[in-house]
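J.: Build out the structure end to end from the sequences listed, making use of the hints.
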Amino acid sequence: MLRVEKITKRFGGLEAVCDVSLDLKRTPITGLVGPNGSGKTTLFHIITGFYHIDKGRTFFNDKEISGFPPHVISRMGLVRTFQQTRVLPFLSTRENLLCAVPTQKGEQLASLFFRPGTVKREEKQNRARADEVLALIRLAPLADELSGQLSFGQQKLLELGRILMAQPKLILLDEPTAGINPALIRQLVAVLRKLTRQGIQVFLIEHNMPLVAEICDKVFVMDSGTLIFSGPPADAIRDPDVIEAYLGKIDHAS
Amino acid sequence: MDYLLHILVVALVYTVFALSLNLELGYTGLYNFGHVAFFGIGAYASALLSLAGFPVAFSMTAGMIMAGAAGALLAVPALRLSGDYFGVATLAFAEMIRLFFLNERWLTKGPMGLPGIPRPLGIPSGVSGLPLYFLLSALVAAAVFLFTCRIARSPFGRALKVVREDEYVAQALGKNVFSLKVQIVAVGSLIAGLAGALYGHYITYISPSDFTLNETILVLLCVVLGGRGTQWGPVVGAFLIIFFQEFIRFLPIPVDFGRVVAPIQGMVYGAVLVFLMLKHPEGIIPEYRI
Amino acid sequence: MLDYYAQLVVNGIVAGAVYALFAVGLTLIYGVFRFINFAHGELIAWGAYLTLMFSGFLPFGLAVVPALFLTILLGIGQERYIYRSLRQRSRITLLIASIGLSYLLRNALRLIWGSDLVSFGFETRRGMSFAGLIVTRTQLLMVAAALLFLAFLYMLLNFTMLGKSLRAAADNTELAEIMGIDMKKVGLSVWILSALFAGVGGILIGIDTNLEPVMGLINLLKAFAAVLLGGAGNVWGALLGGLCIGIAENLGVAFFSPGYKDAVSFALIILLLLFRPTGLFGLIGGIR
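Chains as they are written, first to last, in the numbering used here: chain E, 1 to 254; chain B, 255 to 544; chain L, 545 to 832.
Read the hints as simulated data drawn from the structure, not as lab findings. These numbers come from a predicted model, not from an experiment. Please note: incorrect hints may appear among the correct ones.
Unchecked claim - Derived BS3-like pairs: lysine-lysine, alpha-carbon spacing no greater than 25 Å straight-line:
#, chain 1, residue 1, chain 2, residue 2
1, B, Lys533, L, Lys728
2, E, Lys25, E, Lys55
3, E, Lys105, E, Lys25
4, B, Lys363, L, Lys805
5, E, Lys105, E, Lys169
6, E, Lys63, E, Lys6
T.: Written out as structure tokens, the structure reads:
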């Protein structure tokens with residue numbers, strides 16, 4: 001569903017991403033790994049429209065999305081998280097979820113005043129959905145707390161929940177397990193598997209290699225801006241280029 | 255009694271003005287330091303039209319719309335800038351508008367100003383019209399309050415707050431940040447224009463010196479002191495500030511000291527802004543309790 | 545006819561030299577601290593007014609010394625008591641405080657010296673003739689003083705350790721700190737320089753025109769226009785920007801009403817922000 005062709009991105013003299021092409025096809029969960037600074041997050045920014053593409057093209061569902069603004073890409077069903085948690089700390093947990101529904105009539109000024117009934121109905125539906133998601137990510141008791149009060153791990157789950165509200169077709173997760181405890185990791189994995197059963201694709205950047213090996217059906221490895229490997233995770237770990245890229249720094253997550 | 259009504263009318267005008275700034279600054283996080291420009295455009299447009307013979311209700315509406323249009327026009331290019339720069343651009347814009355009022359004498363009579371602005375709905379000018387004008391202002395203020403409430407408590411208002419807190423997340427969540435910002439500046443300018451028209455028809459005489467940075471500071475203070483990002487904040491702020499401002503004039507001050515009143519007030523306003531930011535940035539009515 | 549325009553250009557260069565001083569001060573602060581000091585204009589105004597005060601009982605040449613000294617203290621005070629604590633907070637808090645501070649300082653001026661125009665009281669002398677253009681001694685003084693200070697800055701930035709630390713800090717504050725550059729010292733120097741240049745510029749402008757309390761705001765906007773023109777943080781860009789503003793303003797008078805003279809900078813600000821926010825010689829960050 002997601003395809004990128006020969007993507008290149010430069011910052012001043014530095015080539016952050018160089019001639020990268022990949023195709024997710026219908027793989028349920030794909031991993032994107034590589035040492036720090038290999039250009040993974042940059043690639044995500046390019047795919048989701050946050051960075052301008054210097055060279056290359058991006059396609060989603062066979063439709064070209066190169067150069068589309070981020071909000072348009074998001075509404076097409078290509079949704080992402082960021083490396084640092086970016087919940088909205090001064091909104092409640094529930095409000096964080098409600099914000100995430102992409103096309104709300106209530107977000108159009110004219111509808112507020114001329115179609116109040118529709119707005120009310122939609123809001124009710126969204127609230128019901130939010131409650132479902134809250135249950136799924138097990139944050140229902142904290143629904144009315146300011147999300148800034150949640151623990152780090154809970155915020156990560158909230159971010160995931162936010163993505164779900166958007167009814168995505170493809171989710172891009174940037175280091176979703178960074179800094180969270182193993183129990184929460186299991187919870188996350190359970191949610192991800194549930195999503196793939198519903199037909200939602202997952203593409204995730206991760207440093208936790210055992211986890212990648214466990215849940216990813218396919219993995220892409222980047223190093224210094226180029227793609228050096230694509231294939232099953234088990235093969236990746238044994239590939240000489242990949243090993244060299246990490247130079248013995250293969251990360252066994254604690 | 256008359257004097258109390260006068261203070262109340264001005265306070266209500268500033269309530270409307272502050273509510274409009276709150277939409278932009280409080281909910282959306284836009285540093286519009288030139289908001290007085292739209293207050294002025296509303297006042298001048300409405301005054302000129304009504305002096306040319308159009309019915310006042312029409313003039314006020316037209317003034318509002320012109321202010322809103324000006325806001326939208328400024329917004330489209332200016333909102334491509336980041337916060338600081340937007341602040342300075344709006345400040346520069348407001349100064350340009352003031353210079354326009356000052357220099358285009360054929361239209362605005364320049365520094366002489368426009369006297370004899372008629373009151374709406376046949377309300378008599380002068381003190382006898384005060385109670386009726388108070389009623390009118392109260393109705394307008396209430397309507398604007400309800401209007402801004404509706405916006406604030408809606409998904410649209412929620413989206414504005416997302417834009418304020420984190421533009422990247424807003425975009426990642428599918429919000430068209432630029433469009434939202436332009437819309438709210440247009441609406442904010444529209445309402446500021448209404449406040450300006452309400453003011454002009456009350457005072458019945460306006461000149462360019464009524465629309466300077468001083469007024470921007472005043473309305474900024476109303477919003478910031480009262481509590482930005484809340485509905486009652488701007489109302490409380492407006493009443494507090496205007497009562498302070500007008501009350502001073504009521505005190506018997508010897509003529510010799512008359513000239514120091516305005517600068518001292520100005521220093522107080524500046525100091526309050528600094529103090530608030532240092533110690534109590536949320537203002538009197540905080541937006542959220544932690 | 546050409547003489548007329550040439551004269552306007554000459555006037556413009558003179559005004560521009562002073563604007564360059566304002567702009568350099570503003571851009572130095574932006575380069576290191578990444579914010580626009582709205583109260584910068586008041587440093588300009590206070591420099592001028594303090595000189596007026598001291599020149600009441602000191603010869604003018606001496607009066608500038610305590611005046612500048614106090615202006616520098618004012619600049620340092622702004623940082624020490626207000627901006628330093630606010631830098632960690634949100635952007636808007638800093639901006640509002642900065643605007644509030646400028647309003648406070650401007651009204652303090654009005655309180656002490658009144659709202660009317662005042663002047664240093666120099667008699668206007670006839671200018672000297674150079675190749676068909678008239679240049680007054682005052683104008684020469686202004687350009688000379690501006691050049692002197694700018695030369696001083698050039699040497700500071702390029703030949704002293706402090707200057708190099710300044711440039712490093714402007715480039716990348718965190719890295720500079722890690723490399724052992726004393727950020728406190730750098731910060732202090734930037735404020736001293738900024739206030740000094742503002743004050744000197746204010747005095748020079750005051751010599752040329754009159755003083756009024758609102759001069760701070762107007763010159764702030766001109767300084768800002770120049771900063772934008774040259775690229776925020778770019779010191780030499782600010783210099784060129786100041787010159788351009790001065791020339792544009794004075795040439796502009798030939799084409800539209802003098803009442804709009806100040807509007808030239810305002811319009812420039814808006815146009816630049818719309819079409820070339822990085823300025824003509826724009827750089828992202830750093831002091832060059």
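J.: Indicate, hint by hint, whether the structure satisfies it.
T.: For each hint, the structure was consulted:
| no. | hint | in the structure |
| --- | --- | --- |
| 1 | B/Lys533 with L/Lys728 | holds (24 Å) |
| 2 | E/Lys25 with E/Lys55 | holds (22 Å) |
| 3 | E/Lys105 with E/Lys25 | violated (33 Å) |
| 4 | B/Lys363 with L/Lys805 | holds (19 Å) |
| 5 | E/Lys105 with E/Lys169 | holds (21 Å) |
| 6 | E/Lys63 with E/Lys6 | holds (16 Å) |
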